[in-house]
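Enquirer: Sequence:
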Amino acid sequence: MNPNNSQGKSGNQVLIGAVWGIAAATAHSFVPIAVRLLDHIPAIELVFFRNSIGLLIIFTIISWRGFQFWKTNRLGFHIQRNLANFIGMWLWFAGLAFLPIAKAVALHFTVPLMVVVLAVIFLRERPGIVRLICTLIGFAGVLVILRPGALPMSPAAFLVLGSALSYAGVAIYTRSLGKTDHPTTTTFYYQFTLTVFASISMFVGWLLGTLNPGLGLPATWFTWVTPSVTDIPALLLLAISGTVAPYCLVRAFVHTEATIVEPIEYLRLPITAAIAYLIFDQSTDLWVWIGAAIIAGSTYVMTQYEAKNVSQNQKP
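For the sequence shown, the positions run 1 to 316 when our numbering is used.
By construction, these hints were calculated from the structure, which means they are not laboratory data. You may find that some hints are simply not true.
Unchecked claim - Here are the computed distance ranges between Cβ atoms for each label pair:
#: 1; residue 1: I61; residue 2: K179; range: 21 to 27 Å
#: 2; residue 1: T210; residue 2: Q304; range: 28 to 34 Å
#: 3; residue 1: T226; residue 2: L132; range: 45 to 51 Å
All residues carry an ideal CB built from backbone N, CA and C; glycine is no exception.
Given only the sequences and the hints, what does the whole structure look like? Please build it.
Expert: Shown next as structure tokens:
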């Protein structure tokens with residue numbers, strides 16, 4: 001066996017990981033659409049519904065395998081990962097309630113840049129000059145969209161940036177879990193722990209706000225809003241797309257490295273912008289499309305380069 005095989009993934013594995021990444025990006029694109037349709041419901045409550053319904057979906061789909069999927073030797077690691085996931089999702093949903101969808105998605109594109117740094121520190125990956133350049137070019141595309149200095153910075157943008165930082169940490173955890181746990185196991189604990197975290201947060205927030213109103217807790221963050229019948233389709237969209245996306249992402253990380261998978265998430269912008277236009281009649285200006293072209297182009301170049309480079313290195 002060629003010893004160089006231990007130093008990287010095969011070209012096919014990189015491409016398979018990229019395909020899973022594209023599937024994850026597509027599913028992720030429907031999440032902000034659903035959140036905007038449900039913006040009258042507090043973000044923490046949306047986190048609860050998104051994961052509790054998703055948990056039921058997971059149980060329904062994989063029950064035929066038996067209940068062995070819950071077995072893991074890394075329960076503590078799952079809890080740590082999903083605490084970061086919970087914080088990231090809460091901040092993400094909260095930010096989406098106040099920002100234009102395209103702008104929020106663009107801000108979230110800072111995740112891959114953070115992942116490159118975190119992957120080098122925690123996973124000891126060697127991103128290489130091409131990945132670094134492509135990631136920086138992708139970030140430049142985000143700047144083209146945001147046009148800092150030309151557009152005002154909403155305080156809600158910091159919620160989205162905080163979410164991006166949390167999700168960068170999640171990507172690092174996911175990459176490590178992909179080496180030991182089946183994607184179904186990871187997805188199950190993702191849904192289960194976030195349901196628990198959201199339930200605890202809603203209860204504690206409500207209790208503290210009730211017992212001591214002087215704490216100044218944002219009442220609307222923890223006030224329960226019972227969904228109406230007309231909210232059911234959007235809740236199902238949120239749960240289904242939110243369940244499919246992380247599963248695809250875990251599958252992507254199984255096949256290739258975090259610094260390859262994460263930049264593919266840039267594709268969410270053109271997909272989300274198109275859906276937002278069809279549903280909300282939100283037009284997207286030329287700068288957004290120029291930035292999206294830069295982002296998609298850098299993602300394509302990086303993925304193709306890595307697949308070709310790894311294949312050549314593994315030739316006898």
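Enquirer: For this structure, which hints from the list above don't hold up?
Expert: 2
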